[in-house]
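Novice: Model the full structure from these sequences, guided by the hints.
Going letter by letter, the sequence shown gives residues 1 to 391 in this note's numbering.
Errors might be hidden in some of the hints.
Computed list of lysine to any residue pairs in SDA-like fashion (alpha-carbon distance at most 20 angstroms, straight line) [unchecked claim]: (1) Lys189 <-> Glu134; (2) Lys126 <-> Leu246; (3) Lys120 <-> Asp238; (4) Lys296 <-> Gln344; (5) Lys62 <-> Asn169; (6) Lys62 <-> Glu134; (7) Lys214 <-> Glu134; (8) Lys195 <-> Leu349; (9) Lys126 <-> Asn181.
It is worth saying that the hints were derived from the structure and are not from the lab.
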Amino acid sequence: MNEQTFLRPNTTVSEPSRTSLKTSLDTRMTTKPSVSKRIKNCLFCGLYQQRSDSLTLGSRPKLHSKIIQMAGESSDSVEWYTAECGTSQYTLPKRYQELSPIGQGAFGAVIRTVDVVTGKDVAIKKMLRPFQSETHAKRTYRELKLLMHLNHRDAQVVQLYNAFTPEKNVNDFQTIYFVLNFVDYDLSKVIKRGKPFTEDHIKLLIYSLLRGLKFIHSAGVIHRDLKPTNIGISQNSDLTILDFGLARVATNGLQTGYVATRWWRAPEVFINWERYDEKVDIWSVGCIMAELILLKPLFAGTDHIDQLTKIFDIVGTPNLATLDEVCEPYARDYIHKLPTKPKQDYKKLFGYKYESGSRIPISGVSPQGISLLDRLLSFDHRTRPTAQEAL
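Specialist: See the structure below:
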């Protein structure tokens with residue numbers, strides 16, 4: 001029996017535990033993933049082949065015209081209103097009412113609204129200072145481009161319903177809004193409740209996350225910022241991968257060194273800086289799976305050096321042959337001088353935990369789950385499975 005059986009239906013699970021997930025685990029686990037090839041018919045298909053870092057502020061007229069084209073109607077025919085919500089001000093079409101704040105980051109603020117035309121709750125993301133610098137402009141352009149490229153209903157990926165700007169004149173163009181599907185919670189809020197996840201629930205969430213990654217990676221995209229706050233969860237335990245602000249098209253060349261929030265960042269980003277691939281997302285899945293078991297981040301480093309130290313505390317120090325093959329010389333020499341640390345006992349760390357006198361586990365995963373987690377958290381990215389292989 002190999003680790004792949006961990007994400008397949010468990011016929012020994014009791015029926016009450018299945019129904020607690022709202023939908024049968026068997027149904028979810030045996031549903032054939034609807035993973036497409038590259039989506040070629042988006043508005044940006046002609047622009048998608050260009051590297052995002054070729055974007056300059058001079059491209060703003062092109063982006064403005066695309067936003068207007070997406071909105072599908074002239075700004076003159078739309079009734080607008082301005083309202084405060086949270087710490088930001090929003091200028092929105094009147095079809096979006098009942099605003100409430102969801103959250104705000106460095107590049108965007110998100111609110112929940114009701115679309116009175118459809119009667120559905122939606123999320124609206126306001127891009128903050130999208131043209132403050134060329135870096136901001138590239139990020140805005142890239143996120144919209146990738147959201148359109150990955151806009152597939154059954155792919156566990158956030159859905160872009162629309163994009164608009166209240167500024168009809170390109171010379172005034174300073175504001176961009178994305179209209180997205182609304183999700184009830186993000187995974188970090190669910191984890192912070194402190195209630196242990198059942199193994200069935202961990203299977204469901206990791207399966208759904210890998211299924212979404214399979215779709216994203218098949219489209220030639222690396223998410224680069226997978227973490228619990230970027231994973232949406234519905235009341236029915238449906239999972240949605242959120243926030244493509246750091247996502248990039250996979251290439252064989254150099255990537256950006258600063259990616260992902262540190263605690264979920266793959267070690268090759270530290271030790272090989274700008275040379276990595278989609279396996280950085282697989283490492284993040286391993287970190288998230290461990291967090292579902294432990295109810296706390298696995299590698300909560302305080303800085304880059306401490307982050308590597310905490311990784312070695314768990315996965316052990318790689319041997320010199322591995323370091324020679326996957327590290328830049330400066331990183332290899334630094335790691336080689338550190339005290340050698342053994343790999344922790346994953347069975348003790350992630351295996352079943354029992355209450356006194358009980359034979360029913362209250363947390364942890366089976367040996368098959370531990371085996372999968374071991375591969376997801378492989379220090380050598382070459383030995384990590386792809387999303388397809390992990391499924």
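Novice: So which hints don't hold here, by number, going up?
Specialist: Hints 1, 7 not satisfied by this model.
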